[in-house]
Amino acid sequence: MIDGPVIQTRSLTKSYGRLDAVRDLDLSVGANRITAFLGRNGAGKSTTIKLLLGMIHATSGDASVLGARIGESKESREMLRRVAYVAENKPLYPYMTVAQMIRFVSSFYPDWRPDAAERLMKEYELPADRKVKSLSKGMRTKLALLLAFARRPDLLILDEPSEGLDPVGIEHLLQHLVAQSADGISVFFSSHQIAEVERIADHVCILDKGRLLVDASLDDLRESYRRIDLVFPSIPLEHEFRMAGVERIETSGRQIRIFSSRNSRTVVQRAYELNAVSVEVTPVALRDIFLETVREN
Amino acid sequence: MLWYKAWLETRGRFLVSLCAISIIIAFFVHHAEHVITPEPKRETYFLLFFVHHYLAGLWILSVVLLGMGGLLRERAIGTSSLTLALPVSRTRVVGVQIALGILEAILLAVLPWSVILFTTDLAGRTFPASQAVFYILLLISGGLVYFALAVLISSLIEGEYTAPAVVYGLVVLSGIIFSSVDSLRPYADLWRFMGGDNYFNHVTYLLSGPFPWFGALTALVVAALMLLASVAVIQKREF
Amino acid sequence: MLLRLNPVAGQPIYLQLMQQIRHAAETGALKDGDQLPSVRSLAEKLVVSPNTVVKAYSELEHEGLIELRQGSGAFATLKRRTRSLTDHMQAARRRIRDLIERLHDDGLLDDEIRRAFEAELLHTAESVARR
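Residue numbers (our numbering), protein chains in the order written: chain A, 1 to 297; chain B, 298 to 536; chain C, 537 to 667.
Don't take each hint at face value.
[As the list claims (entries may be wrong)] With the Cβ distance kept under 10 Å, some of the chain B side facing chain A (calculated, not the full set):
{"id": "1", "residue": "LEU299"}
{"id": "2", "residue": "LYS302"}
{"id": "3", "residue": "THR380"}
{"id": "4", "residue": "GLU535"}
[Said to hold, decoys possible] As a list, the in silico EDC-like pairs of lysine to aspartate or glutamate whose alpha-carbon atoms are at most 16 Å apart:
{"id": "5", "chain 1": "C", "residue 1": "LYS591", "chain 2": "C", "residue 2": "GLU603"}
{"id": "6", "chain 1": "A", "residue 1": "LYS209", "chain 2": "A", "residue 2": "GLU125"}
{"id": "7", "chain 1": "A", "residue 1": "LYS133", "chain 2": "B", "residue 2": "GLU371"}
{"id": "8", "chain 1": "A", "residue 1": "LYS133", "chain 2": "B", "residue 2": "GLU306"}
{"id": "9", "chain 1": "A", "residue 1": "LYS137", "chain 2": "A", "residue 2": "GLU118"}
{"id": "10", "chain 1": "B", "residue 1": "LYS338", "chain 2": "B", "residue 2": "ASP418"}
{"id": "11", "chain 1": "C", "residue 1": "LYS581", "chain 2": "A", "residue 2": "GLU296"}
{"id": "12", "chain 1": "C", "residue 1": "LYS591", "chain 2": "A", "residue 2": "ASP220"}
{"id": "13", "chain 1": "C", "residue 1": "LYS591", "chain 2": "C", "residue 2": "ASP623"}
{"id": "14", "chain 1": "A", "residue 1": "LYS209", "chain 2": "A", "residue 2": "ASP20"}
{"id": "15", "chain 1": "C", "residue 1": "LYS567", "chain 2": "C", "residue 2": "ASP623"}
{"id": "16", "chain 1": "A", "residue 1": "LYS137", "chain 2": "A", "residue 2": "GLU163"}
{"id": "17", "chain 1": "A", "residue 1": "LYS131", "chain 2": "B", "residue 2": "GLU306"}
{"id": "18", "chain 1": "C", "residue 1": "LYS591", "chain 2": "A", "residue 2": "ASP219"}
{"id": "19", "chain 1": "A", "residue 1": "LYS209", "chain 2": "A", "residue 2": "GLU296"}
{"id": "20", "chain 1": "A", "residue 1": "LYS137", "chain 2": "A", "residue 2": "GLU88"}
{"id": "21", "chain 1": "A", "residue 1": "LYS209", "chain 2": "A", "residue 2": "ASP26"}
{"id": "22", "chain 1": "A", "residue 1": "LYS209", "chain 2": "A", "residue 2": "ASP62"}
[Claimed, not checked] Here are some chain B residues the structure puts well away from chain A; computed CB gaps all over 10 Å:
{"id": "23", "residue": "GLU306"}
{"id": "24", "residue": "LEU312"}
{"id": "25", "residue": "ALA317"}
{"id": "26", "residue": "PHE424"}
{"id": "27", "residue": "LEU453"}
If you are wondering where the hints come from, they were derived from the structure by calculation, not from laboratory data.
Heads up, the beta-carbon is just placed ideally off N, CA and C, and yes, glycines get one too.
With the rest of the complex left out, here is chain A:
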């Protein structure tokens, strides 16, 4: 069990000329839970991860992973020993066989679990002596995941892990992530597949255009975001509902639709005060929270 955040960034910024790929990021990822990093394509998720792992150098700000400051140093190298990472393109050396890949990667990590590796080899039906370049895409993905799952790191980072997997593969992936979490491993994965995130994430961070827009537990989001549909006897005044927590107001004649991230009770109270004829409050699915958040940005 780890104390303190497994990932912490402070005003982390990465600029390419005038374009900010990541802007003033203050991210804090808690230990012992599954955190999802949601965002559109090009939102800056991969850039953030590469900054954390030292593959890209930050323009300004700083960050630490497992307590170690990022950057080329002995400290950050030792940190990498406790981190398992699967990049978006599931990289493998094409000239190595499956067995050679496993021997190679396992030699760097004392947390390697040979029994888990063997079990996964069987489950994924990976041929030990086949070269990576002759493997199908699905098998390559599975091998790349095996190299991370057959370990017991403190932190598991995955960039779009379900990319390239069929529905059965995705199901197995989610089960493995849940199992890793049950083993005490902190899981941080980026995705633009809302459905996966909604099922297993404890915490959600939404990134758009390099900025962190939402950073909350999924349960908090579920409990506080509401869609409130109101009908009034006469055309209502929109400004009556411009209050804290109201993200968007849509009107159509005597109908008002309010999208609130919190404080829905106050909105409903105001509606009753203004003699609303109909008050309907419905929860909001993560997909809609995401779309609204990103749209507003």
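On the provided structure of chain A, position chains B and C as indicated by the hints.
Structure of chains B and C alone, referenced to chain A:
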């Protein structure tokens, strides 16, 4: 296991180079039959000198190939995210690649000469082994400059064909410069240095005189500086 | 225990899990002393975060419905208070059933009934908070 990986990456190029060099050796062995006799003979020494030049040329081509690849190439094919996530410094990754490349380069110089010595031994060696050592040391100390150049260029240029093309272009360019700029000859002329032209005695057809330690050291320092530069380049790079 | 979760419903999964386990206890699918699945196996089976299961189990323990024994796992403890709660629950379900039938007679659809309940619950909670 970094050494193992580097070996897997370069073994194809190494073996191809070895094959090509074997052809030169086969040529030597074929002609040696006529020329090797128990008594020392000038024709033997001239054959050695001649073969060495071809060997040197092929060796330069090979070590340039061996210097290719590296982390920049890995970025192009997508595996840098795997290598750089490993708990090892970039310096170590590049260092192992360089070290293995140098070892392979040395082998590519030593192996053919060993075969030559062995073959002439069969016929009763007629020239001292120290000649072989002289040739080998000249080749390696001068030639590692080209290996280092290849490593440096492949840390700067990403293309699979562009990088070697640039290096080979520079090799040819250097040859042209050496042969046309008179003030460079004979001592700053790297090719003459590697080929042994500067030390070739026209009477005995042997390499004679003291070994040019200063020249060798200078060339090695130039090579070392280029290698250090390539490490620095990789350190700063974004992957 | 066969459980059914809906991640898109907008209700935290741990609450859904708690409801389902309570329902199992009410209907007798879960009897006093029965062992519940371990956190890990339930999480893997339902493909939810283990933290969700932990939260559900600890809330249920707080309510007195289950007992978490160090090293052995989670066990149902349907104490008398819980049993009477179950009776209340069954009575409530009957009343709701009658109400729904009457609302159907008035011409309301299921969705409308559901939304009305949600809004009223929110309104009640808020007026309680005000008081």
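To see whether the hints hold, each was checked on the structure:
1. A cut of 10 Å between beta carbons decides the hint on LEU299 of chain B: the least distance to chain A is about 9 Å, and the hint holds.
2. The interface hint given for LYS302 of chain B is met, as the beta carbon of that residue sits about 6 Å from the closest beta carbon of chain A, less than 10 Å.
3. The interface hint given for THR380 of chain B holds, since its Cβ lies 8 Å from the closest Cβ of chain A, which is under the 10 Å cut-off.
4. Taking 10 Å as the C-beta contact cut-off toward chain A, the hint placing GLU535 of chain B at the interface holds, the least distance being around 5 Å.
5. For the given pair, LYS591 of chain C sits about 13 Å from GLU603 of chain C by alpha-carbon distance, which is consistent with the 16 Å threshold.
6. Taken as a hint, the LYS209 of chain A and GLU125 of chain A pair is broken in the structure, with Cα atoms around 40 Å apart against an allowance of 16 Å.
7. Straight-line distance between C-alpha atoms of LYS133 of chain A and GLU371 of chain B comes to about 15 Å, which keeps the hinted pair within the 16 Å bound.
8. About 14 Å separates the Cα atoms of LYS133 of chain A and GLU306 of chain B, which keeps this hinted pair within 16 Å; it holds.
9. Among the hinted pairs, LYS137 of chain A with GLU118 of chain A is inconsistent with the structure: their alpha-carbon atoms are about 21 Å apart, more than 16 Å.
10. As the CA atoms of LYS338 of chain B and ASP418 of chain B are separated by approximately 15 Å, the hinted pair is consistent with the 16 Å bound.
11. Straight-line distance between C-alpha atoms of LYS581 of chain C and GLU296 of chain A comes to about 37 Å, which puts the hinted pair past the 16 Å bound.
12. Of the supplied pair hints, the one linking LYS591 of chain C and ASP220 of chain A holds, its CA atoms being roughly 13 Å apart against a limit of 16 Å.
13. Only pairs whose Cα atoms come within 16 Å are accepted, and LYS591 of chain C paired with ASP623 of chain C is rejected, the gap being roughly 25 Å.
14. Simply put, LYS209 of chain A and ASP20 of chain A have alpha-carbon atoms about 8 Å apart, close enough for the 16 Å limit, and the pair holds.
15. This hinted pair checks out: LYS567 of chain C and ASP623 of chain C have alpha carbons roughly 15 Å apart, not beyond 16 Å.
16. Between LYS137 of chain A and GLU163 of chain A the CA atoms are separated by roughly 11 Å; this keeps the pair inside 16 Å, and the hint holds.
17. Between the alpha carbons of LYS131 of chain A and GLU306 of chain B the distance comes to roughly 13 Å, so the proposed pair stays at or under 16 Å and holds.
18. Taking the CA atoms of LYS591 of chain C and ASP219 of chain A, the gap is about 11 Å. The hint holds against a cut of 16 Å.
19. Proximity of LYS209 of chain A to GLU296 of chain A is assessed by CA-CA distance (about 12 Å); at most 16 Å being required, the pair is judged to hold.
20. Taking the CA atoms of LYS137 of chain A and GLU88 of chain A, the gap is about 13 Å. The hint holds against a cut of 16 Å.
21. The straight-line distance between the Cα atoms of LYS209 of chain A and ASP26 of chain A is roughly 14 Å, inside the 16 Å bound, and the hint therefore holds.
22. Restraint check for LYS209 of chain A and ASP62 of chain A: the C-alpha separation of about 19 Å exceeds 16 Å, so the hint is violated.
23. With a minimum CB-CB distance of about 7 Å to chain A, GLU306 of chain B fails to clear the 10 Å threshold, and the non-interface call is violated.
24. Residue-level check passed: LEU312 of chain B sits 13 Å from the nearest beta carbon of chain A, beyond 10 Å.
25. Interface exclusion of ALA317 of chain B from chain A stands, the closest Cβ pair being 21 Å apart, more than 10 Å.
26. Non-interface status of PHE424 of chain B relative to chain A is upheld: no Cβ of that chain comes within 10 Å, the nearest being about 42 Å off.
27. Every CB of chain A lies more than 10 Å from the CB of LEU453 of chain B, the least distance being 18 Å, so the non-interface label holds.
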